[in-house]
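Novice: With these hints in hand, go ahead and build the complete structure from the sequences.
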Amino acid sequence: MSAVCAALAADPVLARHYADFRAKTEAALDPALAALVRQAVAAVHGMGDAPDESGLDQGIRTILAYARRMPFEHTAITDAEAAAAVAHLGEAGFVAFSVLAALADAECRAEQVGLAELAGG
Amino acid sequence: MSTIPRVSSAIAGEPAHFGSVLARQPAIAESFFALYGRFWGSDVLAARIKEVARMRNARVTECGFCRNVRFDKAVAEGLGEEVVDDITDGYETSARLTDAEKAALKFTDALIHDPELLTGDAKAALQRHLTPAQIAELGLGVTLFLALAKALITMGLEPEAMDRTVLPTPAVLEAAE
Numbered sequence: 001m002s003a004v005c006a007a008l009a010a011d012p013v014l015a016r017h018y019a020d021f022r023a024k025t026e027a028a029l030d031p032a033l034a035a036l037v038r039q040a041v042a043a044v045h046g047m048g049d050a051p052d053e054s055g056l057d058q059g060i061r062t063i064l065a066y067a068r069r070m071p072f073e074h075t076a077i078t079d080a081e082a083a084a085a086v087a088h089l090g091e092a093g094f095v096a097f098s099v100l101a102a103l104a105d106a107e108c109r110a111e112q113v114g115l116a117e118l119a120g121g
Numbered sequence: 001m002s003t004i005p006r007v008s009s010a011i012a013g014e015p016a017h018f019g020s021v022l023a024r025q026p027a028i029a030e031s032f033f034a035l036y037g038r039f040w041g042s043d044v045l046a047a048r049i050k051e052v053a054r055m056r057n058a059r060v061t062e063c064g065f066c067r068n069v070r071f072d073k074a075v076a077e078g079l080g081e082e083v084v085d086d087i088t089d090g091y092e093t094s095a096r097l098t099d100a101e102k103a104a105l106k107f108t109d110a111l112i113h114d115p116e117l118l119t120g121d122a123k124a125a126l127q128r129h130l131t132p133a134q135i136a137e138l139g140l141g142v143t144l145f146l147a148l149a150k151a152l153i154t155m156g157l158e159p160e161a162m163d164r165t166v167l168p169t170p171a172v173l174e175a176a177e
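Residue numbers (our numbering), protein chains in the order written: chain A, 1 to 121; chain B, 1 to 177.
Please note that a few of the clues may not be correct.
[Claimed, not checked] Label pairs and their in silico Cβ distance ranges: (1) A9/A with R96/B: 28 to 36 Å; (2) E177/B with G48/A: 35 to 43 Å; (3) P168/B with A80/A: 35 to 43 Å; (4) L56/A with R96/B: 49 to 57 Å; (5) L56/A with A95/B: 49 to 57 Å.
[Said to hold, decoys possible] Derived coverage of chain A by chain B (criterion: at least 3 residues anywhere in the stretch with Cβ under 8 Å from a Cβ of chain B; other residues may be distant): (6) 14-22; (7) 25-31; (8) 61-75; (9) 86-96; (10) 106-118.
Worth flagging that the hints you see were computed from the coordinates, not collected in a lab. Even glycine gets a Cβ: it sits at the ideal position worked out from N, Cα and C.
Specialist: Structure (structure tokens):
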């Protein structure tokens, strides 16, 4: 469970909305890719191991390299990097991926700051 | 940072902006706007404190769009431009921000920048000024502000120029409840 979901335990309606948003974002991507993106972002934050990319194709590696930029280098991502991600995912996929990678980063940060404990969760 | 959209609008006749681009994923868009409306519609945490945190995130993440938007509910609660001007480095000494807002800002900085900023004193101040339920809402808000600002920036949706714009505060979508 994410730190945000845990923090919202006392507000079931808001918790349900947040869980739905999170689930819809993940559901828009291949489940394996969504998991890899979350893992890659978490690894940048020192929260677990980076994905094993040895068996992954170049397109997935491009997406994971992009995802790793989200936590600390989001303003430095170039048009060329974005174009490569769009080429692999398509425009709709790129939108879902952008939201997921950014949300994964924010959720890692919420966990690191101890949100659930602060909110009594 | 690009101001050239990296993804096109999904709505005919509309330029690429957050809503028109998110429309490429209707299920995500519907769920997000339901969540965002519920978040802003809740009065557990005052809209003014939510907006203070949103403004801080806008400045730290360099989101020009977020920085120039104001939500009317917070303006009605007294968040004038002279207060917004104080939401910058050194906000701790502001005479216009309340102690609760300063505690919320420290939490915001810790979440979006460095968790080490939430020292024992800062944590105690946060818990003195806000209830657990209010902290939960603040945490949700900062999580969403940060994620959306980064998604917006990386999709190339930053405006080249934008005037300050007061918008209606997102509202609860009855159909989503």
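Novice: Would you mind marking each hint as holding or not holding in the structure?
Specialist: We went through each hint and held it up to the structure:
Separated by about 34 Å at the C-beta atoms, A9/A and R96/B satisfy the suggested range of 28 to 36 Å. Checked against the hint of 35 to 43 Å, the C-beta distance between E177/B and G48/A comes to roughly 36 Å, which is consistent with it. P168/B and A80/A have their C-beta atoms about 38 Å apart, which keeps the hinted 35 to 43 Å range intact. A hinted range of 49 to 57 Å holds for the C-beta pair L56/A and R96/B, which are about 52 Å apart.
Restraint check, L56/A to A95/B: a C-beta distance of roughly 55 Å satisfies the suggested window 49 to 57 Å. Against chain B, the segment 14-22 of chain A contributes 5 residues with a C-beta closer than 8 Å to a partner C-beta. That satisfies the three-residue criterion, and the hint holds. Against chain B, the segment 25-31 of chain A contributes 3 residues with a C-beta closer than 8 Å to a partner C-beta. That satisfies the three-residue criterion, and the hint holds. Residue count for the segment 61-75 of chain A with a Cβ under 8 Å from a Cβ of chain B: 3. That meets the three needed, and the coverage hint holds.
Judged by the Cβ-Cβ criterion of 8 Å, the segment 86-96 of chain A is covered by chain B as claimed, because 6 of its residues qualify and three suffice. Here's how the segment 106-118 of chain A fares: 9 of its residues keep a CB closer than 8 Å to some CB of chain B, so the rule of at least three is met and the hint holds.
Going through the hint list in order, the structure satisfies each hint without exception.
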